[in-house]
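A.B. asks: As given, the protein sequences belong to chains B and H, one line each in that order. Each number in the working numbering comes from the position in the first sequence (counting from 1) with 7 added on. Each number in the working numbering comes from the position in the second sequence (counting from 1) with 7 added on.
Please keep in mind that the hints were generated in silico from the structure rather than gathered at the bench. Treat each hint with caution, since some may be false.
Because identical chains share one entry, a pair is satisfied inside a single copy or across any pair of copies.
In silico DSSO-like cross-links for lysine-lysine, where the CA-CA straight-line distance does not exceed 30 Å [to be verified]:
1) K161 with K306
2) K104 with K120
3) K115 with K248
4) K168 with K283
5) K115 with K148
6) K56 with K25
7) K25 with K91
8) K148 with K54
9) K306 with K54
10) K283 with K91
Number of protein chains: 2
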Amino acid sequence: MTFELTILGSASAFPTSKKFPTAQVLNIQERFFLIDCGEGTQIQLRKAKISFGRINHILISHVHGDHIFGLFGLLSTFNLLGRKAPLFIYGHSEIEKILDFYQEHFAKMNNYKIHLHKISKRQLQVVYENKVVEVFAFPLKHRIPSFGYLFREKNRPLNIKKECIGKYNLTINQIKAIKNGEDIITPSGESIANDKLTETPYGRRSYAYCSDTMVSKKIVPYIAEADLLYHEATFMDSERKLARLTGHTTASQAATIALEASVKQLLIGHFSARYKQTEDLLAEARRVFPDTRIAEDLKSYSVPLVRMSRESE
Amino acid sequence: MTFELTILGSASAFPTSKKFPTAQVLNIQERFFLIDCGEGTQIQLRKAKISFGRINHILISHVHGDHIFGLFGLLSTFNLLGRKAPLFIYGHSEIEKILDFYQEHFAKMNNYKIHLHKISKRQLQVVYENKVVEVFAFPLKHRIPSFGYLFREKNRPLNIKKECIGKYNLTINQIKAIKNGEDIITPSGESIANDKLTETPYGRRSYAYCSDTMVSKKIVPYIAEADLLYHEATFMDSERKLARLTGHTTASQAATIALEASVKQLLIGHFSARYKQTEDLLAEARRVFPDTRIAEDLKSYSVPLVRMSRESE
Chain B
8 MTFELTILGS
18 ASAFPTSKKF
28 PTAQVLNIQE
38 RFFLIDCGEG
48 TQIQLRKAKI
58 SFGRINHILI
68 SHVHGDHIFG
78 LFGLLSTFNL
88 LGRKAPLFIY
98 GHSEIEKILD
108 FYQEHFAKMN
118 NYKIHLHKIS
128 KRQLQVVYEN
138 KVVEVFAFPL
148 KHRIPSFGYL
158 FREKNRPLNI
168 KKECIGKYNL
178 TINQIKAIKN
188 GEDIITPSGE
198 SIANDKLTET
208 PYGRRSYAYC
218 SDTMVSKKIV
228 PYIAEADLLY
238 HEATFMDSER
248 KLARLTGHTT
258 ASQAATIALE
268 ASVKQLLIGH
278 FSARYKQTED
288 LLAEARRVFP
298 DTRIAEDLKS
308 YSVPLVRMSR
318 ESE
Chain H
8 MTFELTILGS
18 ASAFPTSKKF
28 PTAQVLNIQE
38 RFFLIDCGEG
48 TQIQLRKAKI
58 SFGRINHILI
68 SHVHGDHIFG
78 LFGLLSTFNL
88 LGRKAPLFIY
98 GHSEIEKILD
108 FYQEHFAKMN
118 NYKIHLHKIS
128 KRQLQVVYEN
138 KVVEVFAFPL
148 KHRIPSFGYL
158 FREKNRPLNI
168 KKECIGKYNL
178 TINQIKAIKN
188 GEDIITPSGE
198 SIANDKLTET
208 PYGRRSYAYC
218 SDTMVSKKIV
228 PYIAEADLLY
238 HEATFMDSER
248 KLARLTGHTT
258 ASQAATIALE
268 ASVKQLLIGH
278 FSARYKQTED
288 LLAEARRVFP
298 DTRIAEDLKS
308 YSVPLVRMSR
318 ESE
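Start from the sequences and build out the full structure, keeping to the hints where you can.
C.D. replies: Take a look at the structure:
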């Protein structure tokens with residue numbers, strides 16, 4: 008039951024010798040989502056040993072080069088590797104022109120279809136769902152239209168306590184009903200509450216991605232109580248003015264958002280190349296939100312399954 | 008008196024976890040030329056510690072993605088780093104559309120000028136020269152128009168043997184004349200041959216770049232007697248048909264070209280990802296042309312200064 012984020016790039020604006028531009032892969036129960044696609048994404052995917060065939064969904068935050076200059080190379084390699092499966096790309100309508108240009112100049116013989124889901128509404132909206140996860144987009148606040156993404160697991164069927172099946176001589180219909188959260192009535196007319204029949208369920212895990220954006224309280228309700236929040240922290244607070252001017256966030260501002268949204272863990276990234284070390288950025292964020300970690304290229308960050316307390320269901 | 012080639016990428020078609028797509032930098036007496044610009048070129052430039060400010064000339068062989076998908080990122084980073092110096096790009100006219108698209112979508116606030124030198128003539132032609140080097144383009148044979156490049160040092164002024172200045176009491180005008188290869192006549196009427204007055208000069212070093220191309224004897228005169236030839240060797244000879252079909256060369260074919268052109272040293276690259284090891288490609292080429300080396304990412308290959316024999320001047 009994997010829920011794991013792999014950072015492919017944590018640099019802002021341009022890569023350094025150690026950090027690639029923004030890209031990351033989220034694996035939710037073996038469904039893979041590529042979030043942003045900076046230059047070199049396909050190289051980092053190979054280094055992270057993530058199979059190209061697993062990538063069916065690419066979510067783009069905004070059309071600044073450091074978030075999409077890896078797209079042409081990746082789309083092209085998909086084709087060279089013989090991809091047939093359709094590819095779904097999500098992002099602002101501006102991406103259409105970029106894909107059109109790509110297809111006209113570099114992909115006249117593309118073997119697979121690209122479907123673009125254009126995002127324009129400045130509100131929380133579902134952009135994709137499957138059996139296990141819902142994906143939402145929401146507006147960020149940057150120099151050009153920019154969107155964050157929220158990934159949330161769906162409710163799972165409840166697990167019946169094995170001993171109950173024999174004890175109450177459950178029928179298949181009853182088992183179905185119990186898995187859906189219903190109580191049962193025994194042949195003798197006794198009502199058995201669902202929580203006596205089922206294991207305490209696991210919580211629905213969630214991940215929120217916020218980059219690029221300046222600090223914005225409007226984001227807080229979209230990402231509230233996420234298990235893991237990636238928030239850009241391009242600058243230290245000493246560069247607060249520059250952050251505002253360029254539409255970015257400081258480490259302590261990112262931590263304030265994490266705190267106000269009551270997320271469980273904060274991951275900061277998208278660091279300006281001026282910071283050779285990230286310790287100071289981390290320390291600054293931790294003063295506000297202790298459970299902060301640094302996003303590092305090719306490292307993975309898991310969200311464990313945790314059983315809910317029955318009270319909070 | 009540097010003459011050094013640094014390989015930034017030696018993969019074909021798409022990168023692997025170890026090899027970037029095609030790009031290389033040639034340093035001729037501290038004049039730098041970037042040849043092709045595959046995805047990740049700017050990352051490799053940083054790793055090779057080549058200052059971005061030194062790159063004023065980018066020569067593109069052809070507009071397949073694995074040779075140019077790093078261009079947008081590099082141009083963008085130049086701008087972010089505050090570049091003001093004009094940039095000169097050389098290649099087929101198709102590049103104009105690519106640059107136009109880049110400038111419209113990603114470089115509305117570009118601080119430096121980009122000059123495109125369009126190459127279309129199917130013959131050897133000078134595309135650039137400065138005090139120390141001439142750069143020529145010549146046609147290759149690929150699925151789309153593709154050009155190779157030849158870099159050749161210019162003749163240097165001759166070095167006068169120090170002892171001659173006092174011995175013959177040379178005037179400034181005589182010194183100038185001698186440096187240009189002239190003989191002198193002493194006040195007593197004696198004629199002194201130039202080669203008695205000057206050090207044996209160094210040879211003019213040259214480098215030829217041929218990628219992408221299928222094997223073509225027409226290339227031979229363009230690259231004849233180059234000190235260093237980089238020739239693509241995408242496949243082994245067992246894939247000769249596939250090489251022909253895709254417009255590429257095999258290792259033994261590349262070596263045959265090197266042999267017929269009497270180059271001093273051959274460097275092969277642009278390897279298909281199917282070859283996990285390059286030993287077999289090297290062995291195949293060396294059976295035809297022993298002085299062959301493998302192009303490896305982030306390795307440099309120098310051409311030493313060698314004094315000419317006076318007979319061959």
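A.B. asks: State for each hint whether it applies.
C.D. replies: Going down the list of hints, with the structure as the test:
1. K161 with K306: within (26 Å within a copy, 50 Å between copies)
2. K104 with K120: both (16 Å within a copy, 24 Å between copies)
3. K115 with K248: between (46 Å within a copy, 23 Å between copies)
4. K168 with K283: neither (53 Å within a copy, 51 Å between copies)
5. K115 with K148: So K115 and K148 pass the 30 Å test across copies only (20 Å; inside, 36 Å).
6. K56 with K25: both (18 Å within a copy, 12 Å between copies)
7. K25 with K91: between (34 Å within a copy, 26 Å between copies)
8. K148 with K54: neither (32 Å within a copy, 34 Å between copies)
9. K306 with K54: Both, since 11 Å and 20 Å are each at most 30 Å.
10. K283 with K91: between (42 Å within a copy, 25 Å between copies)
Hint compliance for this structure: hints 4 and 8 are not met, and every other hint is.
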